[in-house]
Amino acid sequence: MTLKKLNSKQRRILKQMSHHLKPLMQMGKDGASPAFIQELLEQLEHHELLKVRILNNCEWEKEAIEQILRDAEITLVQKVGHILTVYKESEEAPVINLPE
Numbered sequence: 001m002t003l004k005k006l007n008s009k010q011r012r013i014l015k016q017m018s019h020h021l022k023p024l025m026q027m028g029k030d031g032a033s034p035a036f037i038q039e040l041l042e043q044l045e046h047h048e049l050l051k052v053r054i055l056n057n058c059e060w061e062k063e064a065i066e067q068i069l070r071d072a073e074i075t076l077v078q079k080v081g082h083i084l085t086v087y088k089e090s091e092e093a094p095v096i097n098l099p100e
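When we follow the numbering used here, the leftmost residue of the sequence shown carries the number 1, and every step to the right adds one.
Treat the hints with caution; some may be incorrect.
Label pairs and their in silico Cβ distance ranges [to be verified]:
1) Glu61 / Gln38: 14 to 24 angstroms
2) Glu59 / Ala93: 33 to 43 angstroms
3) Pro94 / Asn56: 30 to 40 angstroms
4) Glu42 / Gln67: 13 to 23 angstroms
5) Gly31 / Asn97: 17 to 27 angstroms
6) Val95 / Glu59: 13 to 23 angstroms
7) Ala35 / Glu73: 27 to 37 angstroms
8) Gln78 / His46: 36 to 46 angstroms
Derived lysine-lysine pairs resembling BS3-like cross-links, with alpha carbons at most 27 angstroms apart [what the hints assert, rightly or not]:
9) Lys15 / Lys5
10) Lys79 / Lys15
11) Lys51 / Lys62
12) Lys62 / Lys29
13) Lys29 / Lys9
14) Lys29 / Lys79
15) Lys22 / Lys5
Derived from the structure by calculation, the hints contain no laboratory data. The beta-carbon is built from N, C-alpha and C at its ideal position, and this holds for glycine as well.
Construct the entire structure; sequences and hints are all you get.
Structure below.
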């Protein structure tokens, strides 16, 4: 499966869907450790769309975090302050149907 490239309409729909969501995960001083990435992938398989809070003690650079997300084939929907909204279509049972 390759990284899903979102067009502006799809991105807008995902932003609307994520508006009411609370961050399910937090990235702390360990940054994007392998355990964090594994847990993030498991949560995305179940939820497809979620928010991640980046704590102040996270020493990772924004670009490094975005690169790790790309490597894990996770799509960054939006970033507001210290909150990332991420999306990855479920391989088993997709719930979110985005228009082309």
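Hints that the structure is at odds with (numbers, increasing) = The structure conflicts with hints 5, 6, 7, 8 and 13, although it agrees with all the remaining ones.
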